[in-house]
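K.L.:
Each chain is listed here by its residues.
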Amino acid sequence: MNLEYDADDLAFRAKVRSFIEENLPCDVQAKILNHKRLNRQDYKTWHQILHKQGWIAPAWPVEYGGAAWSPVQRHIWEEETTRAGAPNIISFGVNMIGPVLMEFGNEAQKKYYLPRILSCEDWWCQGYSEPGAGSDLASLKTAAKRVQDADGHHFIVNGQKTWTTLAQHADMIFCLVRTDNSGRKQQGISFLLIDMKTPGITVRPIITLDEDHEVNEVFFDNVKVPAENLVGEEHMGWTYAKYLLSHERSNVAEVGRSKRELRFLKKLAMSYTSDGKPLLDDPLFARKVAILEAELMALEITNLRVVSADDGKSEPGPEVSMLKIVGTEVQQRLTELMVQAVGPYGLPFDTDFLEGGREHAVTGHDDAAPLTASYLNFRKASIYGGSNEVQKNIINRMILGL
Amino acid sequence: MDFNLTQEQTQLSDTLRRWTEKEYDFETRREIIASHEGVSQKAWSGLADLGLMALPVPEALDGFGASGPDMFVVMQALGKGLVIEPYLATVCGIEYLKHDADKFTDLLQKAATGEVRFACALGEAQSRFNRADVAMTAKADGAGYILNGRKTVVIHGAQADHLIVSARTANGTRERDGISLFVVPANADGVSRSDYRTIDGMRAADIDFANVRVSDDALIGAAGEAWPLIDAVSDYARALICAEAVGIMQAVYETTLEYLKARRQFEQPIGAFQALQHRMAEMFVEVEQARSMAMLAASIAGSNNPEKRRHTVSAAMIRVGQAANRVGEEAIQLHGGIGMTNEMQVAHHFKRLTAFGAIYGDIDHHIARFTQQPGFRKIG
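Line by line, the protein sequences are chains P and F.
If you count by the numbering used here, then the first sequence holds residues 1 to 402, one letter each, in order.
If you count by the numbering used here, then the second sequence holds residues 1001 to 1380, one letter each, in order.
Keep in mind the hints are simulated off the structure, nothing from the lab.
Each hint should be verified, as a subset may be incorrect.
The calculated DMTMM-like cross-link candidates involving lysine to aspartate or glutamate, where the alpha carbons are at most 25 Å apart (straight line), are [said to hold, decoys possible]:
{"hint": "1", "chain 1": "P", "residue 1": "Lys-288", "chain 2": "F", "residue 2": "Glu-1329"}
{"hint": "2", "chain 1": "F", "residue 1": "Lys-1378", "chain 2": "P", "residue 2": "Glu-121"}
{"hint": "3", "chain 1": "P", "residue 1": "Lys-44", "chain 2": "P", "residue 2": "Asp-122"}
{"hint": "4", "chain 1": "F", "residue 1": "Lys-1308", "chain 2": "P", "residue 2": "Asp-6"}
{"hint": "5", "chain 1": "P", "residue 1": "Lys-313", "chain 2": "F", "residue 2": "Asp-1002"}
Let's have the full structure, built from the sequences with the hints guiding it.
P.N.:
Below is the structure:
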């Protein structure tokens, strides 16, 4: 048992840290560190910087253009990028559809799509959830019917996806669609790659309670998808979806981000005062911060334990669900305490400032202005990616096996 | 970075598991609790034969010079096995004497073989968790000191051969300067001990010191300068009880999991009910988070950076303390009525978890200590 990083790890950390310092665009960094909203170009710029360096896909094998970093190196990378205030890589391409194509795609699909994921030529989004299929994803209804016409074989897709994150920016969507109704609901699902510019697709914004446009509804009205856009075998999509979910364990705990936010929280609590003293000197407030910090310290070690045990082959155990639960609880708690830290300044709501239309908040309190919106936004964390209650069910399936 | 146990640590862990299962079963333990002595000489010899007392003793003094992670493994196993022998008290005594090893070579060598047992007489009626709150006095007198005062709830105080005693040689009651540490034979003139049971099956004693005369040879380190040592050894002890608690919680978790599969109500195993499943999942999370913090504390327990040590150990006491409460209480709830009976091992694990912060500081104490460390305000 040795909880220290070894010399190679430390050298790796120094290398990536200096790269980030030299290459992370200041304007993007400032938005992240101050909880402001990013636009499409902000994500793309950073993506392309990393692509040029060959670091956009840390987990991918070298043959596909990845960096083939070890799990611990990936952890260090995640910690360093979040510490500095770099944008998250939009995970739908690099972390989700990429690995699925490597495992189940045909040669033509790999050859065409993987380089376009790396270069961000294709921005991907995920067509999973439907109005009637949330936690119970397998009950999805969006239908794809195989047809043949003068152009060849196609699927005709009809239905609706929802909660589609950043679909307004996307070039491509990977979709779970129903191709057969006769068996169990997990059977008869297929995995399709669909060009967002195909006629019949409509993207409609869903404005969330923080008045942000992050998620969308996507409607499919007789959308014609070439048959070669089917991944793997027809009706086997559920297997691929499960593979994707079980391999999507990178950074579920968001430790690096939460460490950054804890520092922000403390900064707030040192500059906002109560009865003439910094709030952090108030034992009642300090107590909450301390409990949260202890939780985060534990989470960091728990995460490292899971990361260092990841050999890339074995199925993840209940630990991954645990990381999701605790990780999101910590994130949410951080946003709660930040709102509390700024007191009345949690109230003014300044979307113009949030979206970069104005340099300073209308109140002059730039650090406080985004916090309540961020608090509201982060209620999503315990709902998305399999709600925390679903995660508890998963843990029980593994530990109880009943 | 490596979270695995070394081969030696795995062997040690297996050996201790087999020993507790064979030599320290539930019935044996019950008899030890009910005995006049409250501890077992046979068990103590058995543990000494396994090399447990020699572990923390430096190699130069016939010990093994064990690391924090080694001790993590031991304490986890002793926790799981519900061992109530004066091991922690003796190990802490060894830690104090190690500070002045040249002076206490003989005692340390004897401790390594299990020949002597120690207890740490630090707490007083008014002191709660503040080890600097020392009213007991040590008055210089010729080539020695005269001790007067009373120590309370000294774990295994009546089972020890030697007591590590804090007493004030200067300054006022709660000042950190002016505290000295002495090694006092338990049978010295003027020492009287009243032994009693504790809720977790152990023993503790209140100890009166009435004009107890000791020589300069009894002083550990320099007079009046014991505070940093007391703080460091207390943190070491905390790391150890965190490890012990994790061993207990693991046992409680496994027992509860089995019970949820075996116990049937409404024609199905009670583990089929989602209300209980979610509580079980929460218990899983608690145990793992506590394990992480205990590992972190064990890795830092011997650190010579006091600031970092205090920060980490208090965080561990906060998080493991929370888990100890939650896991213990949940285990009883999930067992239902049977969990309330004294013949279930889970009840005894629960009682030991209940004792978690009673000597080395409860959650509130460590929250206060954590927030007072300079690291709490560091945001660089």
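K.L.:
So, for every hint listed, does it hold in this structure?
P.N.:
Each hint tested on the structure:
1. Restraint check: the Cα-Cα separation between P/Lys-288 and F/Glu-1329 comes to about 23 Å, which is no more than 25 Å; the hinted pair holds.
2. Simply put, F/Lys-1378 and P/Glu-121 have alpha-carbon atoms about 42 Å apart, too far for the 25 Å limit, and the pair is violated.
3. The hinted pair formed by P/Lys-44 and P/Asp-122 meets the criterion: a straight-line CA distance of about 10 Å does not exceed 25 Å.
4. Under the criterion of a C-alpha separation no larger than 25 Å, the hint pairing F/Lys-1308 with P/Asp-6 is consistent with the structure, at around 19 Å.
5. Simply put, P/Lys-313 and F/Asp-1002 have alpha-carbon atoms about 19 Å apart, close enough for the 25 Å limit, and the pair holds.
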